[in-house]
Amino acid sequence: MNEVKLLGIRHHGPGSALRIQRMLDEYGPDIILLEAPADAQHIIASFNPYEMTPPIAGLIYDPKDFQRAAYFPLAAFSPEWIALKYSFDQKIPLRCIDLPIGAILKQKNQRSRPKLNPFYQLAKISGFNDVEQWWDHFLETTTDSTAIFDHIAKLMRELRKDATESSETIQREAFMVEQIQMATGEDFKKIAVICGAYHLPALENHKNAKPSKKSVRIKMIKTDAVWIPWSYRRMKQENGYGAGISNPTWYHALFEHKEEAAMYWITECGKTLRAVKPLSTAHTIETINLARGLKNLRNKSSIGIPELEDAITTVMYEGDPSWKEVFGDKIFTGHQTGSIPNDLFILPLQLDFRKMLKSGRLSKLLEEPIPMNKTLDLRTSKHLLLSCFFYQTLTLEIPLAKIQDQSISALGNFKEIWDLQWDPVSEWILIQVSSYGNTIEAAARNKITDALTETEIIDDVIDLLDQSFMCGFDDLLDIIKSKLLKSYIHTDSVLSLLKSVNTLIHVQSYGHIRWSKPPELTGLLDRMIYKVSIMLPAAIYSIDEDEIEELKQLINQLYFTLQSGRFPHLSSYMDSAWLEIYNHHIEIDYFSGRALRICMDLGRLDRSEIEIKISFVFQTSDANQMLAWLEGLFSGGILWLIYDDIFLSQLSEWMENMDTEIFYENLPMLRKTFGLTPESDRSNLYYKIKHGHLNHDSSQSNDIASPEVAERVDSLMQHHGL
Amino acid sequence: MTDTKNILKQRLEDKYQDELNALIKTDSGWKPDNWKMSPQSVLQFILGNVEVNGVTISPKYIGHKNLVETAIATLATQRALLLTGMPGTAKTWLAEHLAVAISGNTKHLIQGSSATTEEDILFGWNYASLIAKGPHQEALVESAIYKSMQGGEICRIEELSRIPAMIQDNLLSLLSEKLIVVPELDNEIRAHKGFNIIATSNDKDKGTFPLSDALKRRFNVIQMPFPSSLEEEVNIVRYKLDVETLPLSVEIPVKEIERVVQIFRELRSGVTEDSHQKINTTQSNLSTAEAISTLEHCIYMAGFFGEGRVTANEIAATLPGAILKDIEKDSKPWEEYKKLVIAKRPDWQDLKNLL
Numbered sequence: 001m002n003e004v005k006l007l008g009i010r011h012h013g014p015g016s017a018l019r020i021q022r023m024l025d026e027y028g029p030d031i032i033l034l035e036a037p038a039d040a041q042h043i044i045a046s047f048n049p050y051e052m053t054p055p056i057a058g059l060i061y062d063p064k065d066f067q068r069a070a071y072f073p074l075a076a077f078s079p080e081w082i083a084l085k086y087s088f089d090q091k092i093p094l095r096c097i098d099l100p101i102g103a104i105l106k107q108k109n110q111r112s113r114p115k116l117n118p119f120y121q122l123a124k125i126s127g128f129n130d131v132e133q134w135w136d137h138f139l140e141t142t143t144d145s146t147a148i149f150d151h152i153a154k155l156m157r158e159l160r161k162d163a164t165e166s167s168e169t170i171q172r173e174a175f176m177v178e179q180i181q182m183a184t185g186e187d188f189k190k191i192a193v194i195c196g197a198y199h200l201p202a203l204e205n206h207k208n209a210k211p212s213k214k215s216v217r218i219k220m221i222k223t224d225a226v227w228i229p230w231s232y233r234r235m236k237q238e239n240g241y242g243a244g245i246s247n248p249t250w251y252h253a254l255f256e257h258k259e260e261a262a263m264y265w266i267t268e269c270g271k272t273l274r275a276v277k278p279l280s281t282a283h284t285i286e287t288i289n290l291a292r293g294l295k296n297l298r299n300k301s302s303i304g305i306p307e308l309e310d311a312i313t314t315v316m317y318e319g320d321p322s323w324k325e326v327f328g329d330k331i332f333t334g335h336q337t338g339s340i341p342n343d344l345f346i347l348p349l350q351l352d353f354r355k356m357l358k359s360g361r362l363s364k365l366l367e368e369p370i371p372m373n374k375t376l377d378l379r380t381s382k383h384l385l386l387s388c389f390f391y392q393t394l395t396l397e398i399p400l401a402k403i404q405d406q407s408i409s410a411l412g413n414f415k416e417i418w419d420l421q422w423d424p425v426s427e428w429i430l431i432q433v434s435s436y437g438n439t440i441e442a443a444a445r446n447k448i449t450d451a452l453t454e455t456e457i458i459d460d461v462i463d464l465l466d467q468s469f470m471c472g473f474d475d476l477l478d479i480i481k482s483k484l485l486k487s488y489i490h491t492d493s494v495l496s497l498l499k500s501v502n503t504l505i506h507v508q509s510y511g512h513i514r515w516s517k518p519p520e521l522t523g524l525l526d527r528m529i530y531k532v533s534i535m536l537p538a539a540i541y542s543i544d545e546d547e548i549e550e551l552k553q554l555i556n557q558l559y560f561t562l563q564s565g566r567f568p569h570l571s572s573y574m575d576s577a578w579l580e581i582y583n584h585h586i587e588i589d590y591f592s593g594r595a596l597r598i599c600m601d602l603g604r605l606d607r608s609e610i611e612i613k614i615s616f617v618f619q620t621s622d623a624n625q626m627l628a629w630l631e632g633l634f635s636g637g638i639l640w641l642i643y644d645d646i647f648l649s650q651l652s653e654w655m656e657n658m659d660t661e662i663f664y665e666n667l668p669m670l671r672k673t674f675g676l677t678p679e680s681d682r683s684n685l686y687y688k689i690k691h692g693h694l695n696h697d698s699s700q701s702n703d704i705a706s707p708e709v710a711e712r713v714d715s716l717m718q719h720h721g722l
Numbered sequence: 001m002t003d004t005k006n007i008l009k010q011r012l013e014d015k016y017q018d019e020l021n022a023l024i025k026t027d028s029g030w031k032p033d034n035w036k037m038s039p040q041s042v043l044q045f046i047l048g049n050v051e052v053n054g055v056t057i058s059p060k061y062i063g064h065k066n067l068v069e070t071a072i073a074t075l076a077t078q079r080a081l082l083l084t085g086m087p088g089t090a091k092t093w094l095a096e097h098l099a100v101a102i103s104g105n106t107k108h109l110i111q112g113s114s115a116t117t118e119e120d121i122l123f124g125w126n127y128a129s130l131i132a133k134g135p136h137q138e139a140l141v142e143s144a145i146y147k148s149m150q151g152g153e154i155c156r157i158e159e160l161s162r163i164p165a166m167i168q169d170n171l172l173s174l175l176s177e178k179l180i181v182v183p184e185l186d187n188e189i190r191a192h193k194g195f196n197i198i199a200t201s202n203d204k205d206k207g208t209f210p211l212s213d214a215l216k217r218r219f220n221v222i223q224m225p226f227p228s229s230l231e232e233e234v235n236i237v238r239y240k241l242d243v244e245t246l247p248l249s250v251e252i253p254v255k256e257i258e259r260v261v262q263i264f265r266e267l268r269s270g271v272t273e274d275s276h277q278k279i280n281t282t283q284s285n286l287s288t289a290e291a292i293s294t295l296e297h298c299i300y301m302a303g304f305f306g307e308g309r310v311t312a313n314e315i316a317a318t319l320p321g322a323i324l325k326d327i328e329k330d331s332k333p334w335e336e337y338k339k340l341v342i343a344k345r346p347d348w349q350d351l352k353n354l355l
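Those sequence lines, one after another, are chains E and Y. Using our numbering, read the first sequence as starting at 1 and increasing by one per residue. Using our numbering, read the second sequence as starting at 1 and increasing by one per residue.
Check each hint, because a few of them may be wrong.
[What the hints assert, rightly or not] Sample of chain E residues with no beta-carbon within 10 Å of chain Y, all distances over it, derived:
hint, residue
1, 320
2, 481
3, 488
4, 515
5, 659
[As the list claims (entries may be wrong)] With a Cα cut of at most 20 Å, we get these calculated DMTMM-like pairs of lysine to aspartate or glutamate:
hint, chain 1, residue 1, chain 2, residue 2
6, E, 207, E, 178
7, E, 330, E, 343
8, Y, 65, E, 178
9, Y, 329, Y, 231
10, Y, 352, Y, 213
11, E, 271, Y, 213
12, E, 277, Y, 213
13, Y, 216, E, 320
Read the hints as simulated data drawn from the structure, not as lab findings. Virtual Cβ for every residue (Gly too), placed ideally from N, Cα, C.
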């Protein structure tokens, strides 16, 4: 004959936790049946309250798809934690009797969100904003534990009398009833069932419901379970088991200090607010007094959150309630995170992750989810290693580090600034990526290698090259090179090629910063630029409107790098490409303008040829074409204009004869083109236009405009209504 | 006493005699020493809307309940109470009503100003008597605080921050020690239980002496807010108009009340009620009390000079007076408001045409 005691609790309610503790001590069961998913059973064995610090969570997941998972959180003030600890101390079995997550996942994608907390609704009706306060007020009337649990059961029966339940709840409760029946059939004398109070009326049925002949086979998918550290911030959010709680720090205080909770909590609050207000112990004392006074006035049996808030506003913050917004996160939620012993991190990758953080003196990130930043100097080997580590986590999509933008723009800079933050929930991402390897480095390397073997697209390969470069994987360079050699041949997009070339040059130039062996890419570069130079003349014809801008930018970028003179024969490839364009590109557009310019610079053309070309362009083109051509012509500076009188006069004539409308339309583009050139060039040109000769006296500064130009500007301004 | 019918503003203890008696009679909760009723009854008196012993208790303060609870709890725990906020947020009003409920009278009052002296705070001397007979008890002129300490009653200090800093400092030791020393008589007066201070102050005004940290620490501070929503403010205004105005049987449509309150709110907050448009605010303080008196003005105008009904005519006549307190600084925002907001609202055209 065995005895079954049903104990209804409020999930994560400190009052419930204290009561359960007392009850278990009094009752002394030889088995505990806990409302927890049955597929969490195998991690119960590794639970050790003396080596783990709450808050922690049991993570139950589908090993084939980590997105499908459920969390079972435990805080120090959770009745569930108390139950687990009791079973550990007394060495009695604890069984998880709720429907397995595997079954729920089989039926649909996510575990449904828990219903609106019935206790919250009851509290509100009674005029309490603080559920714990309401619970304490109405249910903590006697010291007799049994009586209280009976009251709770009665309350729940009334509440559920006419309510309709979701099919998931019905299924779960049927499963739990079955589990209770199974336990009663075994050799236990005193069975304690600990479940959310809401389920009590259904579970009481275990006596009446017919036990099925064989247990119904439930369809479920296989799941894995593991312990992970959790945080109060996560507990605040409503997910996993039980509704979210709004004030983890307060509940913690209630559990630890019971009647003196207010005193401790207000003192902590005072400490935080001391950052902005001069608060003394006297303030704390007055705050506690006021909280008590309010409690009495409001006829409540204990101090709750509303009293605390009002008291702190009035005494510590001079009547201003804005402290709740500014400090609310720290004061109400708290930054506490739990920990589990290292040997429970069954996966080597998790251990390696922690080891790397420790060697970088960043273990603090694991304790508190507060952001911090770190500046690295890549000339130091330790920092270089850390930088590679951060990039490896980025490759693996582990949300740990983000680089601050400004350090990127300084190419070849040794300095990097990183923003770091660790959310304990991301632990499961570590679990997920451990399928790639046993250390962060190995996992990142394998992930990149896998991606390399799978792709043929040159853009992807270049991206992977970039990643390998940043992660410090110079050993992958050979694979990447051979891949590139194969794929560049097939690519027909000059844009992709140019992008690749630019990346390669960047890696080549700055490789020595990150890699121990500077990469040897000239052979590859040679081939690729050669191909670009072959493709460019034809590509210009077939290129899309929207791609033109990108192409221009890529060409500019390339020229900027080639200018440095480090790759002389690469430049010569491009030069022949432009010559080709000059000779055969009939259209008057940016490219022909650019081509003309480059050939002029190279000295490949003689004077008369140039003049003929220019006249031709001036006479046959319309304004839009002309402007595009000019943009190409002027790229790289206008200094030569100053010396070229003939061109200057032709240009001048053309502009004066232009339609006002078109001139106005294209003014921005013209302005941009000229604006890109250095100021000294512009002022020299300006002087030349005005005076007809160069300015030999450099002390002269901006003059007034020539009459025609001034007139033109005036009419434009009038036109615009300025 | 003087004929109450001729008095302009009745003493609260007379006005609410019935209510107070009813509350005292049925009072059952714990009472701090020398309080006339329990804190719960004080709360009922202030919040009203309840019937006690056959007497309807009218609401005195319409606003957040927990604000009033905090004020009462403060006084019950023997801490001094400071009510701060913009003018017209019912600071003095609340202080008076708390005093009458707790101590049964409102007689102990110090009106703070830059002319307030030490004698007003502690005690003074009848100099003729002093010189004639030397220092003796009868020559002492007791201050309001002195008397309330002796009687164990509430003393109010209005406009605390208008009192010069030097004089404010007298309150420091008074509030900590709860005693006044008279060195000339080698005597000290210790406060009787039930003594407490309710102070009001408007820190944001010009010409004030902000309280030192040491003095602030001796008070629990409550910031009196403006009503948070249009609806709340309209309710307050309607209630006050019902109670306060002469029985002239003048009709005042709710629409007009809403209009005036909305104009005041928008000019006060700098943004339209629907939060779509930013407006320049006026320097003038457009509080709820100001709205109430403007509408009272409209009622009287309609009653004596109009048609017995408040219309846009009366509103247009009184609004500028309320809004343009500083001609230089307030004209521009007011003109903009008329052009950008009033003109754009179709159902406010009647007002626009009259302004």
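Check: Any of the earlier hints contradicted here, and which numbers?
Finding: 1, 7, 8, 9, 10
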